[in-house]
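Guided by the hints, dock chain R onto chain U, whose structure is given.
So the chains spell out like this:
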Amino acid sequence: MPEVFVSNIGDFPEGDRRIVFHNGIEIGVFHWQGGYYAYQNQCVHQGGPCCEGVIMHKVEDVLAPDKTWLRQTFSENDAHFVCPWHGYEYDIKTGECAGNRKLRLQSYEVVRRGQDIYVMTENCHEDI
Amino acid sequence: MDLHPNDFRRMSVEEFDTTKLLAHASKQARDRGYDRFPIVDVDSHHYENESMREILEYLDDPVLRQLALASAGPNAKNARIMNTMVGYQDMGGRIPRYGLRSSEKTPPGGDQRDAALTKRWMDAVGVDVAVLFPTPMLALGVHPQVEVEIALSRAYNRWLCERVLSAEPRLVSMLYLPFNDPDATYQFVKEFGEKKGVVGFLITSTRYRPVHANQYMKTYALLEEMRLPIAFHGSYHWHDQAQGMLNRFISVHALGFVWYNMCHLANWIINGIPERFPKLKVMWLESGLAWIPFMMQRFDNEYMMRTSEAPALKKLPSDYMRDMYFASQPMEITDMGLLENTLRVINAETQLVYSSDYPHWDFDLPSTIYDLPFLSETAKRNILGSNANRLFNLKLGAEKLARVA
Chain U
1 MPEVFVSNIG DFPEGDRRIV FHNGIEIGVF HWQGGYYAYQ NQCVHQGGPC CEGVIMHKVE
61 DVLAPDKTWL RQTFSENDAH FVCPWHGYEY DIKTGECAGN RKLRLQSYEV VRRGQDIYVM
121 TENCHEDI
Chain R
1001 MDLHPNDFRR MSVEEFDTTK LLAHASKQAR DRGYDRFPIV DVDSHHYENE SMREILEYLD
1061 DPVLRQLALA SAGPNAKNAR IMNTMVGYQD MGGRIPRYGL RSSEKTPPGG DQRDAALTKR
1121 WMDAVGVDVA VLFPTPMLAL GVHPQVEVEI ALSRAYNRWL CERVLSAEPR LVSMLYLPFN
1181 DPDATYQFVK EFGEKKGVVG FLITSTRYRP VHANQYMKTY ALLEEMRLPI AFHGSYHWHD
1241 QAQGMLNRFI SVHALGFVWY NMCHLANWII NGIPERFPKL KVMWLESGLA WIPFMMQRFD
1301 NEYMMRTSEA PALKKLPSDY MRDMYFASQP MEITDMGLLE NTLRVINAET QLVYSSDYPH
1361 WDFDLPSTIY DLPFLSETAK RNILGSNANR LFNLKLGAEK LARVA
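Quick mapping for you: the protein sequence lines, in order, are chains U and R. So in this note's numbering, spot 83 of the first sequence is number 83, and the numbers just go up one at a time. In this note's numbering, each residue's number is its place in the second sequence (first place is 1) plus 1000.
This is chain U alone, in the form it adopts within the complex (with noise of 0.2 angstroms):
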């Protein structure tokens, strides 16, 4: 079975998530910014459960024209999903770890059928 069925649309607001297991492995989908993301859900540190924690907005530095600091600020667009473990953050319509952008998570290919989304299991994305 290729297709893990994941929820009726209405059931999937914006922003959240759902946590799906097909023959032993788990895999986080969001719904976020109109898109939808699968990974799968083992940190690439030490086995967390990255998929289950909080969202946080990228934490950027803010620099004057003269290279001067100013502040921070929370990124407008880009948010990444923490593993509750440890910390690891991650991009989330990407999947790169935001700390080394070499390291990501398994991703799997997200499906709408009809009002019902699906995540399609044995089409991972083999370029990980």
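These are calculated hints, taken from the structure and not from any lab test. No residue lacks a Cβ here, since even glycine has one placed at the ideal position from N, Cα and C. The reader is advised that the hints may include incorrect statements.
Subject to a maximum C-alpha distance of 30 angstroms in a straight line, what follows is the list of computed DSSO-like cross-link-like pairs (lysine-lysine) [said to hold, decoys possible]: (1) R:Lys1315 <-> R:Lys1218; (2) R:Lys1020 <-> R:Lys1380; (3) R:Lys1400 <-> U:Lys58; (4) R:Lys1027 <-> U:Lys93; (5) U:Lys93 <-> R:Lys1020; (6) U:Lys102 <-> R:Lys1105; (7) R:Lys1105 <-> R:Lys1380.
Computed far set for chain R versus chain U, every beta-carbon distance over 12 angstroms [said to hold, decoys possible]: (8) Lys1020; (9) Ala1023; (10) Ala1079; (11) Met1082; (12) Asn1083; (13) Ile1095; (14) Asp1111; (15) Asn1214; (16) Ala1221; (17) Leu1255; (18) Glu1302; (19) Ala1312; (20) Arg1322; (21) Pro1330; (22) Tyr1358; (23) Asp1364.
Below, chain R alone, put in the same frame as chain U:
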């Protein structure tokens, strides 16, 4: 229960449950077959502040007890007997267990709460025996009142022995020494050294007392005679002038937890304490491992040129370090080649002991050791359990005490 991320959304979560949080760790334990050998965790923690009312029952000084009880009251906004550190161990809410921990339920009428919660995570990750330490009290060494350090640590030690260690064979501890008072330090070893579950004594390293001061020699002699190890536990202190130059907590944490142990280790070796007490076992906790080859190279190099400044030494500083024990956490796994060399130079197969630091944010699971590709199965088992079993004379057999959740 609500978490507080910075965006508009609040994430509702079910009641906090350590077993659920660590479900992936339990799978690791089953997959790797931890039921085949014992695992000892030489540095774990609980939050003694959540049991402070129980602990204060053991505080003899009536005036200090009244101050402490008043400061623990619900309206005591500006009263506090415990010194606290500026810091952000919870990463601004990114590590939810910091905020949720106090809500975790334990069965009524069962184990004391701290013991029950500790055994819950031990069973989840496969740890059979844990050496348990407090958390806020790690900062007590820089309390401005030495008499408060003595009174609170003695109350804590009495509480831990009577309420926790006496009832739970899987929990042991190296008890807090009030190192700012050398006489009280000696008396603590006398008073608690033979209590059930006491496997050594602890110096919280964040303090400003030199370990080579003559006033401590009687304590080292007593520990050596009693065959009890002494351990130094790293921590940070942002109010320290040197650390005050650092503007982010990551820097304070990364350097602070190593800084004080580097000072104490330097004084310990250069003043020839290992030659004076050759059978005294010494252990270094929560400084990771990367600092060790740095110290070995730095001091060997200078000792060869300035030998006359350390006349008590009969071998290289690094040779004394190889007689010591080092706890693994937080193990810097960023360059496998460097890590392999680090384990080689410290004779890890006999001198390295696994530590988790759970439940703190930078905890290490047993898999950080078990999955190292360059270690033999024997070396893994030594580091995860056998070395500590021998060091603490735990007499652990083949029976697995942890019930992996």
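Hint check:
1. Taking the CA atoms of lysine 1315 of chain R and lysine 1218 of chain R, the gap is near 24 angstroms; set against the 30 angstroms cutoff, the hint holds.
2. Distance restraint check for lysine 1020 of chain R and lysine 1380 of chain R: the Cα-Cα separation of roughly 27 angstroms lies within the 30 angstroms cut-off, and the hinted pair is therefore satisfied.
3. Between lysine 1400 of chain R and lysine 58 of chain U the CA atoms are separated by roughly 44 angstroms; this puts the pair beyond 30 angstroms, and the hint is violated.
4. Taken as a hint, the lysine 1027 of chain R and lysine 93 of chain U pair is honoured in the structure, with Cα atoms around 28 angstroms apart against an allowance of 30 angstroms.
5. Distance restraint check for lysine 93 of chain U and lysine 1020 of chain R: the Cα-Cα separation of roughly 26 angstroms lies within the 30 angstroms cut-off, and the hinted pair is therefore satisfied.
6. The suggested pairing of lysine 102 of chain U with lysine 1105 of chain R is violated, with an alpha-carbon distance near 40 angstroms, which exceeds 30 angstroms.
7. Restraint check: the Cα-Cα separation between lysine 1105 of chain R and lysine 1380 of chain R comes to about 34 angstroms, which exceeds 30 angstroms; the hinted pair is violated.
8. Not every CB of chain U lies more than 12 angstroms from the CB of lysine 1020 of chain R, the least distance being 9 angstroms, so the non-interface label is violated.
9. The claim that alanine 1023 of chain R lies off the interface is violated: its Cβ sits roughly 7 angstroms from the closest Cβ of chain U, which falls inside the 12 angstroms cut-off.
10. At the 12 angstroms boundary, the C-beta of alanine 1079 of chain R stays outside the reach of chain U, the nearest C-beta of that chain being 32 angstroms off.
11. Chain U leaves methionine 1082 of chain R outside its interface by the beta-carbon criterion, the shortest separation being 26 angstroms against a cut-off of 12 angstroms.
12. Look at asparagine 1083 of chain R: its CB is around 26 angstroms from the nearest CB on chain U, clear of 12 angstroms, so calling it non-interface holds up.
13. Not every Cβ of chain U is farther than 12 angstroms from the Cβ of isoleucine 1095 of chain R; the closest lies at roughly 6 angstroms, contradicting the non-interface assignment.
14. Once the 12 angstroms rule is applied to beta carbons, aspartate 1111 of chain R is consistent with being away from chain U; the minimum gap is 25 angstroms.
15. No beta-carbon of chain U is positioned within 12 angstroms of the beta-carbon of asparagine 1214 of chain R; the least distance is around 43 angstroms.
16. For alanine 1221 of chain R, the non-interface assignment is confirmed: its Cβ lies about 41 angstroms from the closest Cβ of chain U, beyond the 12 angstroms cut-off.
17. Every CB of chain U lies more than 12 angstroms from the CB of leucine 1255 of chain R, the least distance being 18 angstroms, so the non-interface label holds.
18. Non-interface status of glutamate 1302 of chain R relative to chain U is upheld: no Cβ of that chain comes within 12 angstroms, the nearest being about 35 angstroms off.
19. Against the 12 angstroms criterion, alanine 1312 of chain R stays outside the reach of chain U, whose nearest CB is about 42 angstroms from its own CB.
20. Annotated as non-interface, arginine 1322 of chain R keeps its C-beta farther than 12 angstroms from every C-beta of chain U; the closest such distance is 28 angstroms.
21. The Cβ of proline 1330 of chain R sits about 9 angstroms from the closest Cβ of chain U, inside the 12 angstroms cut-off, so the non-interface label is violated.
22. With a cut of 12 angstroms on Cβ distances, tyrosine 1358 of chain R falls inside the contact zone with chain U, its closest approach being about 10 angstroms.
23. For aspartate 1364 of chain R, the non-interface assignment is contradicted: its Cβ lies about 7 angstroms from the closest Cβ of chain U, within the 12 angstroms cut-off.
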